[in-house]
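The residues making up each chain are set out below.
Number of protein chains: 2
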Amino acid sequence: MLDKNLHVLIVGMGLLGGSYARGLKERGYRVETVTRSQKSLDYALKNGMVDGGAAWPDPRIIGRADVIVLAVYPHVLLEWLRDNQQYCKPGAVITDVTGVKTCVVYEAQAMLRDDVEYIPAHPMAGREVLGVENSDPHIFRGANYIVTPTEKNTPAAIELCEELGRTLGFARISRLSPEKHDEMIGFVSQLTHCIAVALMTCNDDPGLARYTGDSFRDLTRIARINDEMWSELFLDNREALLREIDGFSAELMRLRAMLDEGDREGLRAMMRRSTARREALNKDRVNPEETR
Amino acid sequence: MLDKNLHVLIVGMGLLGGSYARGLKERGYRVETVTRSQKSLDYALKNGMVDGGAAWPDPRIIGRADVIVLAVYPHVLLEWLRDNQQYCKPGAVITDVTGVKTCVVYEAQAMLRDDVEYIPAHPMAGREVLGVENSDPHIFRGANYIVTPTEKNTPAAIELCEELGRTLGFARISRLSPEKHDEMIGFVSQLTHCIAVALMTCNDDPGLARYTGDSFRDLTRIARINDEMWSELFLDNREALLREIDGFSAELMRLRAMLDEGDREGLRAMMRRSTARREALNKDRVNPEETR
Numbered sequence: 038m039l040d041k042n043l044h045v046l047i048v049g050m051g052l053l054g055g056s057y058a059r060g061l062k063e064r065g066y067r068v069e070t071v072t073r074s075q076k077s078l079d080y081a082l083k084n085g086m087v088d089g090g091a092a093w094p095d096p097r098i099i100g101r102a103d104v105i106v107l108a109v110y111p112h113v114l115l116e117w118l119r120d121n122q123q124y125c126k127p128g129a130v131i132t133d134v135t136g137v138k139t140c141v142v143y144e145a146q147a148m149l150r151d152d153v154e155y156i157p158a159h160p161m162a163g164r165e166v167l168g169v170e171n172s173d174p175h176i177f178r179g180a181n182y183i184v185t186p187t188e189k190n191t192p193a194a195i196e197l198c199e200e201l202g203r204t205l206g207f208a209r210i211s212r213l214s215p216e217k218h219d220e221m222i223g224f225v226s227q228l229t230h231c232i233a234v235a236l237m238t239c240n241d242d243p244g245l246a247r248y249t250g251d252s253f254r255d256l257t258r259i260a261r262i263n264d265e266m267w268s269e270l271f272l273d274n275r276e277a278l279l280r281e282i283d284g285f286s287a288e289l290m291r292l293r294a295m296l297d298e299g300d301r302e303g304l305r306a307m308m309r310r311s312t313a314r315r316e317a318l319n320k321d322r323v324n325p326e327e328t329r
Numbered sequence: 038m039l040d041k042n043l044h045v046l047i048v049g050m051g052l053l054g055g056s057y058a059r060g061l062k063e064r065g066y067r068v069e070t071v072t073r074s075q076k077s078l079d080y081a082l083k084n085g086m087v088d089g090g091a092a093w094p095d096p097r098i099i100g101r102a103d104v105i106v107l108a109v110y111p112h113v114l115l116e117w118l119r120d121n122q123q124y125c126k127p128g129a130v131i132t133d134v135t136g137v138k139t140c141v142v143y144e145a146q147a148m149l150r151d152d153v154e155y156i157p158a159h160p161m162a163g164r165e166v167l168g169v170e171n172s173d174p175h176i177f178r179g180a181n182y183i184v185t186p187t188e189k190n191t192p193a194a195i196e197l198c199e200e201l202g203r204t205l206g207f208a209r210i211s212r213l214s215p216e217k218h219d220e221m222i223g224f225v226s227q228l229t230h231c232i233a234v235a236l237m238t239c240n241d242d243p244g245l246a247r248y249t250g251d252s253f254r255d256l257t258r259i260a261r262i263n264d265e266m267w268s269e270l271f272l273d274n275r276e277a278l279l280r281e282i283d284g285f286s287a288e289l290m291r292l293r294a295m296l297d298e299g300d301r302e303g304l305r306a307m308m309r310r311s312t313a314r315r316e317a318l319n320k321d322r323v324n325p326e327e328t329r
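Residue numbers (my numbering), protein chains in the order written: chain L, 38 to 329; chain Y, 38 to 329.
Hints should not be assumed to be uniformly reliable.
One copy or two, it doesn't matter: identical chains are merged, so the pair holds either way.
Unchecked claim - EDC-like cross-link-like pairs, simulated, lysine to aspartate or glutamate; straight-line CA separation at most 16 Å: (1) LYS62 / ASP242; (2) LYS189 / GLU200; (3) LYS320 / GLU63; (4) LYS217 / ASP242; (5) LYS83 / ASP40; (6) LYS217 / ASP241; (7) LYS189 / ASP151; (8) LYS76 / GLU298.
If you're looking for bench data, these hints aren't it; they were derived computationally from the structure.
Because the structure is a prediction, the values reported are computed rather than measured.
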């Protein structure tokens with residue numbers, strides 16, 4: 038568990054920032070926030086999710102934090118560090134929640150003061166709804182928490198960042214390089230969202246809904262998507278995501294060719310491979326939630 | 038409700054045949070079965086799912102049925118009619134449960150005796166598990182039941198077929214031409230299975246399962262697939278399915294091009310369209326289950 042004497046600052050009171058705040062307050066930590074939205078701040082204060090906060094980057098609040106969690110969009114993260122690192126306490130450890138790493142991690146570490154450390158992390162949890170009013174620390178239960186350290190990080194900060202994940206109740210704490218993280222997320226999360234969006238928009242027969250069943254609904258659940266956030270995540274991870282789209286498309290074209298040629302045995306072999314892998318996935322089930 | 042005096046024969050005691058039998062028996066109908074599997078017959082008899090039956094096409098059982106439900110694979114359906122229509126009672130109405138229509142309906146009607154009528158239907162319900170022991174009439178609750186009549190069908194037989202669907206508890210009874218049905222099923226059901234299989238087989242990183250969350254699991258749930266049945270369904274509906282794969286691929290390539298070109302506004306517009314359509318689908322929700 039994270040040391041109870043540490044003061045935690047959450048930057049950004051959205052779904053994830055709010056869930057971190059609630060989770061830490063429930064466990065007795067002192068939590069403050071700075072956020073751009075007066076409304077979100079008021080909600081968090083009124084609901085006892087934080088001990089204090091400001092709707093602007095108040096230097097006094099920033100200056101007393103030992104641990105700072107940047108729960109904001111990737112481009113906001115870099116802006117925030119540029120403008121506010123001057124207020125951080127010497128020795129403060131900064132972490133984040135963003136779903137892409139390579140595009141922010143190196144730039145953030147390069148610009149940062151020497152006496153403050155940024156250790157990146159990705160809590161793979163979320164909901165289809167947004168905002169502090171939907172925040173809920175139970176989304177972390179059973180979920181993956183991935184720390185993506187670089188050569189610049191110290192063992193102590195990596196350990197503290199993992200402690201934060203354990204304290205919040207994540208089931209599985211892993212370490213990956215920023216590059217490996219982005220490749221993995223390009224496949225398991227971003228590619229799936231691309232597929233869902235394309236499936237939802239490729240056919241506009243209005244009578245369709247009348248005949249959809251579980252499979253179509255399952256494949257398009259994530260087609261209800263936050264366009265501002267996901268377009269940013271896709272573009273921030275463009276090269277990895279393009280490779281994953283191409284890999285998937287090539288496989289779908291292999292299936293199409295077998296169908297076109299009437300290659301029943303080829304289709305059956307592919308389906309058996311698919312079935313075996315899906316069953317292996319079930320056995321390894323840990324994570325009931327993921328960033329959406 | 039279906040007339041209680043009608044004798045129903047279920048041909049094939051698998052998941053769907055068994056679910057029809059249980060559903061009809063629960064509502065007090067007289068149900069018999071002929072099936073190729075002695076084991077399935079024994080199970081159905083032992084569990085009171087049928088009043089009688091045989092593990093071969095017993096002419097006496099076939100000859101006393103007013104309504105015959107062919108709950109078998111498409112190619113078995115045609116074989117069965119060819120071999121056993123001679124035993125049917127004059128005036129008998131035959132229906133089925135197969136998920137592809139064009140490839141069986143016309144051939145079946147062309148070969149049939151003039152005093153017996155075949156009215157095709159597709160109950161859009163199923164489970165990921167197979168066999169009579171997994172049969173369950175509750176899978177029909179909230180589901181779609183589609184009748185696909187041709188010019189050869191009489192209003193009386195169409196009505197009786199729809200009554201059967203209502204009696205079994207389907208939420209929505211529709212009529213479609215066999216061609217329109219196959220186009221629709223190519224999109225909402227077969228294309229989704231192709232996508233799930235390709236997604237499951239396109240990447241064989243063994244560390245993958247460690248990081249998968251809800252979206253990947255949702256998109257690949259149906260990647261656990263009965264290769265014998267689905268390869269037959271895909272090949273029986275080849276032309277429609279090829280068109281649907283091509284339509285989806287073109288849309289995914291549109292998304293890929295926007296990503297490659299950094300067209301943020303284009304991506305956001307596509308995501309907003311996707312979100313609006315998915316929300317409309319939620320509002321129109323009726324069917325919690327579908328053929329898999």
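Problem set entry | Structure versus earlier hints, numbers of those that do not hold, lowest first | Structure breaks hints 1, 2, 3, 5 and 8.
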